[in-house]
Structure formats: structure tokens, C-alpha cells
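Position 150 (the sequence shown) corresponds to 150 in the working numbering; numbering is contiguous.
Please keep in mind that the hints were generated in silico from the structure rather than gathered at the bench. None of the values given here were measured: they were computed from a predicted structure. Among these hints, one or two may not hold up.
[Claimed, not checked] SDA-like cross-link-like pairs, simulated, lysine to any residue; straight-line CA separation at most 25 Å:
| # | residue 1 | residue 2 |
| --- | --- | --- |
| 1 | LYS86 | GLN96 |
| 2 | LYS105 | PRO79 |
| 3 | LYS25 | GLN44 |
| 4 | LYS49 | ASP37 |
| 5 | LYS105 | ARG67 |
| 6 | LYS86 | GLU102 |
| 7 | LYS25 | HIS39 |
| 8 | LYS105 | ASP91 |
| 9 | LYS113 | GLU102 |
| 10 | LYS105 | SER80 |
[Claimed, not checked] Simulated restraints, written as ranges between beta carbons of each label pair:
| # | residue 1 | residue 2 | range |
| --- | --- | --- | --- |
| 11 | LEU70 | ARG32 | 52 to 58 Å |
| 12 | ARG56 | GLU34 | 31 to 37 Å |
| 13 | MET10 | GLU46 | 50 to 56 Å |
| 14 | GLU34 | ASP57 | 51 to 57 Å |
| 15 | HIS65 | SER114 | 23 to 29 Å |
| 16 | LEU95 | GLU46 | 51 to 57 Å |
| 17 | LEU94 | LEU70 | 21 to 27 Å |
| 18 | ALA107 | ARG67 | 37 to 43 Å |
A virtual CB, placed ideally from N, CA and C, is assigned to each residue, including glycine.
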Amino acid sequence: SSSSSEIDIMRNRVLQMQVLAMTEKESSEHWRREAEDNHRLAVQLEHEKNRAIQQRDDALHQIEHMRHLLVQNNARLLPSDHDLMKLPLDDVRLLQTQLQQELTKLALIEQAKSNNVQQTPPTDNSPGTPTSNSSPRQRQHKQNHGKHVLVSS
1 SSSSSEIDIM RNRVLQMQVL AMTEKESSEH WRREAEDNHR LAVQLEHEKN
51 RAIQQRDDAL HQIEHMRHLL VQNNARLLPS DHDLMKLPLD DVRLLQTQLQ
101 QELTKLALIE QAKSNNVQQT PPTDNSPGTP TSNSSPRQRQ HKQNHGKHVL
151 VSS
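Generate coordinates for the entire structure from the input sequences, incorporating the hints supplied.
Below is the structure:
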């Protein structure tokens, strides 16, 4: 009777060990599947990251190419002398004022860059906007003084 109860105890232990082994095996399989899923996700995310980096690099190259084209295409900013001669005098003066403002901005930017100082260019002032305490007649004279010269092409 004692040996039969020892055998029963041993059988119960074997059964408990088998149940524990099955539970551990199921748990191990679960973790293995989860690890494989996470690995696939990591690989997919790495591919997406590389694709995003490539798209960013392509966009940066395209921007640089467009800047280059913009500089090339704007090498000639003014219309031909013939076309300028067709413009009314007021339009020529307005164009000259606008170009002088742009040249002023460029001079300030060049000065800031040559001094390694970061400055912002002045905001656009329309020709009719007063920038000093001068009278409208004085501003009119300043705006129109010396503006009858055409740039040859």
C-alpha cells in the first residue's frame, strides 16, 4: 500500500511536470511568435525609415536643383530695352523704385554675410509709404530724382 501510494505520488509529480512542461512550451511558443512579429515590424519600420530618408534626400536635391535653375533663369531680370522703351514713364519709374529697393536689400544681405552677422532685410516699403518726416512733395522728388536711366541689355 505504501508502494502504491508512492507510485501515485510519483505519477502525480510526472503529470504536474508534464503540465508544467506543456505550459512552458506554450509560453515559449507565444514569446517566439511575438518576437518574430516584432522582428518583422522592426524590419518594416526600418524600410519605411530608409524610404523616408531617400524621399527627404530626393526633395533636398530637387530644391537645390530648382535653386540652381532659378538663379540661371533670373540672370536676366529686366525685359529687353525695346520692351522697356514701350512702358509708360510712370511704370518705368515704379520699376526703377522696386529694383532700387531690391538692390538695397541685397546690399544689406551681402554686408551681413561679409560681417558674419545675421540680419534680416528691411521690410518692403511701398513707394507711397512715408519712411521719414519729409513732406509728400519732398518724397515725390526723392522717388523721382535720378530715375530716368535705363539699363542696357
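Cross-check of the supplied hints:
1. As the CA atoms of LYS86 and GLN96 are separated by approximately 15 Å, the hinted pair is consistent with the 25 Å bound.
2. Between the alpha carbons of LYS105 and PRO79 the distance comes to roughly 21 Å, so the proposed pair stays at or under 25 Å and holds.
3. Proposed proximity of LYS25 and GLN44 is contradicted: the alpha carbons are some 28 Å apart, above 25 Å.
4. Of the supplied pair hints, the one linking LYS49 and ASP37 holds, its CA atoms being roughly 18 Å apart against a limit of 25 Å.
5. With a C-alpha separation of about 19 Å, the suggested pair LYS105 and ARG67 falls inside the 25 Å cut-off, and the hint holds.
6. Using a Cα cut-off of 25 Å, the hinted pair LYS86 and GLU102 holds, with the two alpha carbons roughly 23 Å apart.
7. Under the criterion of a C-alpha separation no larger than 25 Å, the hint pairing LYS25 with HIS39 is consistent with the structure, at around 21 Å.
8. For the hint linking LYS105 to ASP91, the alpha-carbon distance of about 21 Å falls within 25 Å, and the restraint holds.
9. With a C-alpha separation of about 16 Å, the suggested pair LYS113 and GLU102 falls inside the 25 Å cut-off, and the hint holds.
10. Between LYS105 and SER80 the alpha-carbon distance is near 24 Å, which keeps this suggested pair within the 25 Å criterion.
11. Between LEU70 and ARG32 the CB atoms are about 57 Å apart, so this pair conforms to the stated range of 52 to 58 Å.
12. The hinted range of 31 to 37 Å is satisfied by ARG56 and GLU34, whose Cβ atoms lie roughly 32 Å apart.
13. Between MET10 and GLU46, the C-beta spacing of about 52 Å keeps the proposed range 50 to 56 Å intact.
14. Between GLU34 and ASP57 the beta carbons are some 34 Å apart, a value that contradicts the proposed interval 51 to 57 Å.
15. For the hinted restraint 23 to 29 Å between HIS65 and SER114, the CB-CB distance of approximately 27 Å keeps it satisfied.
16. For LEU95 paired with GLU46, a C-beta distance near 55 Å keeps the hint of 51 to 57 Å intact.
17. For LEU94 paired with LEU70, a C-beta distance near 24 Å keeps the hint of 21 to 27 Å intact.
18. At about 21 Å, the beta-carbon gap between ALA107 and ARG67 misses the expected band of 37 to 43 Å.
Comparing the model with each numbered hint stated earlier shows that hints 3, 14 and 18 do not hold.
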